[in-house]
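Trainee: Here is how the chains run, residue by residue.
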Amino acid sequence: MRLINLKPGPALTAFLTLLPFLAVFIAYAIGSEIRLAENPSDKLLPAPGKIWDTMVSLTTQGDRRTGRILFWHDTWASLKRLGLGIVISSLFGLVIGLMIGLLPLVRSALAQFVAILSMIPPLALLPILFIVFGLGELSKVVLIVVGTLPFMIRDLSQRTLEIPEELLVKAQTLGASSWVIAIRVALPQVMPRLIQAVRLSLGPAWLFLIAAEAIASDLGLGYRIFLVRRYLAMDVILTYVLWITLLAFVIDWSLRWASRRFFPWAKEGL
Amino acid sequence: MSFVTVEDVFQSYDDRPILERVNVEVDEGEFAAIVGASGCGKSTFLRLLLAQERPSRGRVRIADAPPAKEPGLDRGIVFQKYSVFPHMTVRDNIVAGESLRLGWGRFFGQKSKAARVRADETLARTGLDHVAHHYPATLSGGMQQRLAIGQALAAKPRVLLLDEPFGALDPGTRLSMHDFLQELRAETGMTVFMVTHDLEEAFKLGDRVLVFDKPRWDPHDPSRYGATITYDFDARDGGIPFQKLQEDTHVLQASR
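Quick mapping for you: the protein sequence lines, in order, are chains C and S. Each residue of the first sequence is one higher than the last, beginning at 0 in numbering that gives the first Met the number 0. Each residue of the second sequence is one higher than the last, beginning at 0 in numbering that gives the first Met the number 0.
The following block holds chain C by itself, in its conformation from the complex (with noise of 0.2 Å):
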C-alpha cells in the first residue's frame, strides 16, 4: 500500500498527536538529568519537578513585600494590552478595510500609502512611542496596534474586494444603498475573516507587547521574564513561557470556536 493511502485510526492518531510532545518533554528531561548529574546547582536546565514547585509558589504566593501574587497580576497587565491593542487594531482594520474594498475612491486614496506603511518595522518606531507617548500604558498598546493593523487591513480589504461582484450587484438591485450593503452583505462576509486575520495577527501581538514591556515596564508577562533573566531563574522564564503559550493557545481555540458557533455557513478555516 502507498505511503499516502495510510491512514492512522483514533487510537493512532491520539498517539502521533502526543508524541512530538512527549518526545520533546523526554529530551529536556534527560538534558536536564544529564546537566544536574554534573553539576547540581545547574541552573541552565532546572529538573522538571523543580519547575512545577515554582510554577505551584508563583501562582499561590504573594510577593514579601506587598503580597501580591504577581504572576495573576503579571498576566491581568499583559492582557489587557493585548486585549485593548487588538480590539483597536481589529475595529480600524474592519473600517478601513471595508471603506478600501468597497469604495474605488477610497481604494485609490489609501491602498498603495496601506501597502508602504506595512513595510515599516514595528519595533524600529518603538523608540519614537515611547518618546511621544510616555512608559505607560498607552505606547504598548499603540506598538501593537502599529504592528498589527496594516496588515489586518491589507488582509480585509483583500477579503471584500474577493466578495463576488454578483452578489453586490445583486444587493443593488435589491435597492440597496452603499451603506446598506457594507453592513447587511459586506460586513457579514469579512466578519470570519476578521476572526481570521485576529488569529494571524496574535502571534506578531505577543511579540511587540513582550518587547515593549521588556523595555520598560514594571509589571506584565514579558518584564517579569527579562526581569529574572538577570538571576538566570530558568525555572521562573520557563513557567511564564509555558504560560504564555497556553494563553496563546486558549484564545487561539477559542477564536475558532466563536468563528464556527457564530459564522456556521462560513468555509471552514485553517
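Treat the hints as calculated values from the structure; they're not laboratory data. Warning: the hint list may mix true and false statements.
What the hints assert, rightly or not - One-sided and incomplete, this derived list gives chain S residues near chain C with beta-carbon spacing under 10 Å:
hint, residue
1, Gln51
2, Asp73
3, Pro85
4, Ser139
5, Gly140
6, Gly141
7, Met142
8, Glu163
9, Gly166
10, Val210
To be verified - For each label pair, taking beta carbons as the anchor points, the in silico distance ranges come out as:
hint, chain 1, residue 1, chain 2, residue 2, range
11, S, Asp233, C, Glu164, 31 to 37 Å
12, C, Ser176, S, Gly108, 18 to 24 Å
13, S, Ala113, C, Phe20, 55 to 61 Å
14, C, Ser176, S, Ser55, 25 to 31 Å
15, S, Asp231, C, Leu116, 29 to 35 Å
16, C, Arg260, S, Pro221, 52 to 58 Å
17, C, Ser176, S, Arg58, 22 to 28 Å
18, C, Val249, S, Glu69, 46 to 52 Å
Everything numeric in this text was worked out from a predicted model, so none of it was measured. Every residue, glycine too, gets a C-beta built ideally from N, C-alpha and C.
Model the placement of chain S on the given structure of chain C, informed by the hints.
Mentor: Then chain S, alone, in the frame of chain C:
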C-alpha cells in the same frame, strides 16, 4: 408603445468592439430569450440592460425613464451562481429582497414579523418552505436558483434579467425549473430577458428569440467587428406562429 427600448447601442472595451448597432424593442410582459455563440456579447448586452455598464454609444431605456446609471430596483437579476447571499438563511434571503432598500437594510419589530410571513408564502410557492432556516450552501443547485428567482421577485422589479440561470443544472432539474418559471410568469406577467446556451430552452420559454452574431467578419482580424442581433424569431407556439387557424372551426371535435 414598447416597454424596453434599446436604441443604436454600441459597446467596446479598449477599442475592441463587442456590440454594434443593437436596436430592439420589447413590450411589457414579453419574454425575450437571447442566444448566440460564446463571446458574442450576450452577457454584455444583459449587463447593459442591467445598467451594470453603460454603452459607449446609444441608450437603453425602460418604461421611458432616462437611461439608468447604475443597477436599481427596477431591474432584477439572477446569475448562474453567486446569486443569493451565503450568510443569510433561505428565509432571510427572501426578506432581504424587500428589506435591503431600507435605511438599515432590515425590518424591525412588527414589520419584520409581517415580512417573515410574506417570505414564508413565497417559500411555500417556490417549494422551499422545508429548508427556510437552512443556509444556501446546503441547498442543491436547482433550489439555490429557485431561491435566487424568488428573492429577485420579492423586490418586484419591472424587468427580470436571467443570465444562464439554469446553465449549471442537470436536465431533470432544468425541466422542473422551466415549469416553475412559466408558472411564475403566468402569475406576474413580468417582462423577462434570459441569456441561454440552450436553443430548445430559448424556444420553449421565450416569446421571442434574439440571436446575437457578428454580421461582418474579417478573417485577418476576428475581433475587428462587434456582434449585433441578427435574427429576431417569434417563438410563440413553438416557433410556428402563423400556422394557427385564424377562425374557430364550428365542427364538433370528438376529442375535446
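Trainee: Are the hints correct? Go through all of them and say.
Mentor: Now the hints, each set against the structure:
no., hint, result
1, Gln51, "holds, 6 Å"
2, Asp73, "holds, 9 Å"
3, Pro85, "holds, 5 Å"
4, Ser139, "violated, 16 Å"
5, Gly140, "violated, 15 Å"
6, Gly141, "violated, 18 Å"
7, Met142, "violated, 15 Å"
8, Glu163, "violated, 12 Å"
9, Gly166, "violated, 14 Å"
10, Val210, "violated, 25 Å"
11, Asp233(S) / Glu164(C): 31 to 37 Å, "holds, 35 Å"
12, Ser176(C) / Gly108(S): 18 to 24 Å, "holds, 21 Å"
13, Ala113(S) / Phe20(C): 55 to 61 Å, "holds, 57 Å"
14, Ser176(C) / Ser55(S): 25 to 31 Å, "holds, 28 Å"
15, Asp231(S) / Leu116(C): 29 to 35 Å, "violated, 57 Å"
16, Arg260(C) / Pro221(S): 52 to 58 Å, "holds, 54 Å"
17, Ser176(C) / Arg58(S): 22 to 28 Å, "holds, 25 Å"
18, Val249(C) / Glu69(S): 46 to 52 Å, "holds, 47 Å"
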